[in-house]
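J.: Sequence:
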Amino acid sequence: MMASENAAEGVRLQKVLSQAGIASRRVAERMILDGRVEVDGEIVVELGTRVHPDRQTIRVDGSRVLVDEDLVYLALNKPKGMHSTMSDDQGRPCIGDLVEHRVRGNKKLFHVGRLDAETEGLILLTNDGELAHRLMHPSYEVSKTYLATVAGTVPRGLSKTMREGVELDDGPVHVDEFAVVDMAAGKSLVKIVLHEGRNRIVRRLMAEVGFPVKELVRTHIGTVALGDQRVNSLRALTRKEVGELYQAVGL
1 MMASENAAEG VRLQKVLSQA GIASRRVAER MILDGRVEVD GEIVVELGTR VHPDRQTIRV
61 DGSRVLVDED LVYLALNKPK GMHSTMSDDQ GRPCIGDLVE HRVRGNKKLF HVGRLDAETE
121 GLILLTNDGE LAHRLMHPSY EVSKTYLATV AGTVPRGLSK TMREGVELDD GPVHVDEFAV
181 VDMAAGKSLV KIVLHEGRNR IVRRLMAEVG FPVKELVRTH IGTVALGDQR VNSLRALTRK
241 EVGELYQAVG L
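Every letter in the sequence shown is one number past the one before it in the UniProt record's numbering, and letter 250, counting from 1, is 250.
Since the hints were derived computationally from the structure, they do not count as laboratory data.
Cβ atoms here follow ideal geometry from the backbone N, Cα and C, with glycine treated the same way.
No incorrect hints appear here.
Quick list of simulated restraints, FRET-style, between CB atoms: (1) D34 - P212: 50 to 56 Å; (2) K80 - E177: 22 to 28 Å; (3) A179 - D89: 38 to 44 Å.
Simulated crosslink set (DSS-like; lysine-lysine; CA at most 30 Å straight-line): (4) K160 - K191; (5) K80 - K187; (6) K80 - K240; (7) K80 - K214; (8) K108 - K80; (9) K214 - K160; (10) K108 - K240; (11) K214 - K187; (12) K214 - K191; (13) K240 - K15; (14) K187 - K160; (15) K80 - K191; (16) K240 - K191.
Let the sequences and hints guide you as you build the complete structure.
T.: So, in structure tokens, the structure goes:
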């Protein structure tokens, strides 16, 4: 239970939850009484508890509550032919061009999950530097999911090979999941889940096992899904999605 030394300071916990859009104050009070709310890792059950949301970590049902209104969390469906940079000194089209007139303060955004120019799909954009750093750091092993159209008919036995590991020139790569989704007209559609972040890793991996990639789309980063989001579009992540990303990297 929280210590009461600062009872006369801070903001009432139920007010913080309400302002963060978690629930109405009445419902937030019930959440507190039910033991669903933690502050700095300790369950709080007293309705009079006051907190400092700018320097304390608040969670509901294990998911972090975000209270900084200046933080931006976006999902971009990057089109083919666009570079995964916020600016390009050669004048090539880049994701910075897309967000320049759509997001205030876009120059402070970090892009999470670089894709090569010919690959489509999900890239995250945020000005939350700590989250971006952890999502990109290999030690946190946040998974990424791809759908690849490859040349040839992929044998079922390839799945075992991919999971056991394939040696590339910069070291072995192991996939978390590999499945054939569809086959037609001399091509195969495969699903690949891995937590590697090396340059062009999916293309190099598939070329190494004899099935060069013709088209590639990233559909997920962690639990954030591209879904039916149209190419070139931006959308704000939901509080649930952001909370799950925080949880995945231990924030």
